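Colleague: Sequence:
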Amino acid sequence: METLKKPIGSCLFAVVSYSDEGAYREAKLNLEKSLSKIMFESNFMPKWIHNTLEEKLQRKTGLYCQILAFFQRIQRDSFPEIKKITVELDKLLQKKDNTLSIYPGYLTSHNVILASATDDLHKIYLFNGVYAEIIFRLESGAWKVEKTAPEFFKTKEALFFFASLHENYEFNKDKA
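Quick note: the sequence shown uses numbering that gives the first Met the number 0, first residue 0, plus one each step.
None of the hints are false.
Cross-link-like lysine-lysine pairs, in silico, DSSO-like; alpha carbons within 30 Å at most:
#, residue 1, residue 2
1, 32, 59
2, 94, 27
3, 36, 59
4, 174, 143
5, 46, 83
6, 59, 95
7, 36, 155
8, 83, 4
9, 46, 155
10, 122, 4
11, 172, 32
12, 83, 146
13, 155, 122
14, 122, 172
15, 27, 95
16, 174, 5
17, 27, 143
18, 32, 46
19, 4, 36
20, 143, 153
21, 27, 172
22, 46, 59
23, 95, 46
24, 46, 27
25, 174, 32
26, 83, 36
27, 122, 146
28, 5, 122
29, 94, 46
30, 27, 90
31, 146, 59
Rather than coming from a laboratory, the hints here were simulated on the basis of the structure.
These numbers come from a predicted model, not from an experiment.
Make the full structure from the sequences, and use the hints.
Modeller: Here it is as structure tokens:
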């Protein structure tokens with residue numbers, strides 16, 4: 000007989016694209032208040048590049064991009080609520096920096112998932128208008144980027160960050 004059980008907590012992260020340093024600092028503070036203390040903050044990363052014409056028309060691209068990883072592990076069923084929090088924070092901070100965008104995701108032992116508000120063939124609908132997209136999958140001990148992943152995740156800097164985050168996650172996953 001099959002037994003249903005929840006997986007261990009996943010490592011929450013957020014990619015933040017921005018142009019105004021003050022708006023970024025405010026986003027960090029709000030994310031810490033809403034989600035969890037920040038465990039890791041990346042160096043400056045390559046710019047976020049919108050994949051579709053629709054995204055390009057909707058949003059300007061920030062000059063800078065950084066990734067924040069949080070201490071608190073999340074259960075995957077809380078992911079739509081986390082996306083809702085980041086969408087609300089996006090709207091609030093757009094007044095200070097119209098390029099600011101927050102893209103939440105989570106890391107597990109075998110993949111990296113990004114939340115989205117748009118539907119596409121390769122995305123899975125969760126609920127409340129939130130979709131999930133597999134960005135990386137672990138294959139033979141190395142991250143493989145999905146063809147449909149945003150260009151940002153195909154950079155060596157992003158691959159390095161997520162490989163390091165995965166190493167930390169695996170080392171500490173039984174301690175959570």
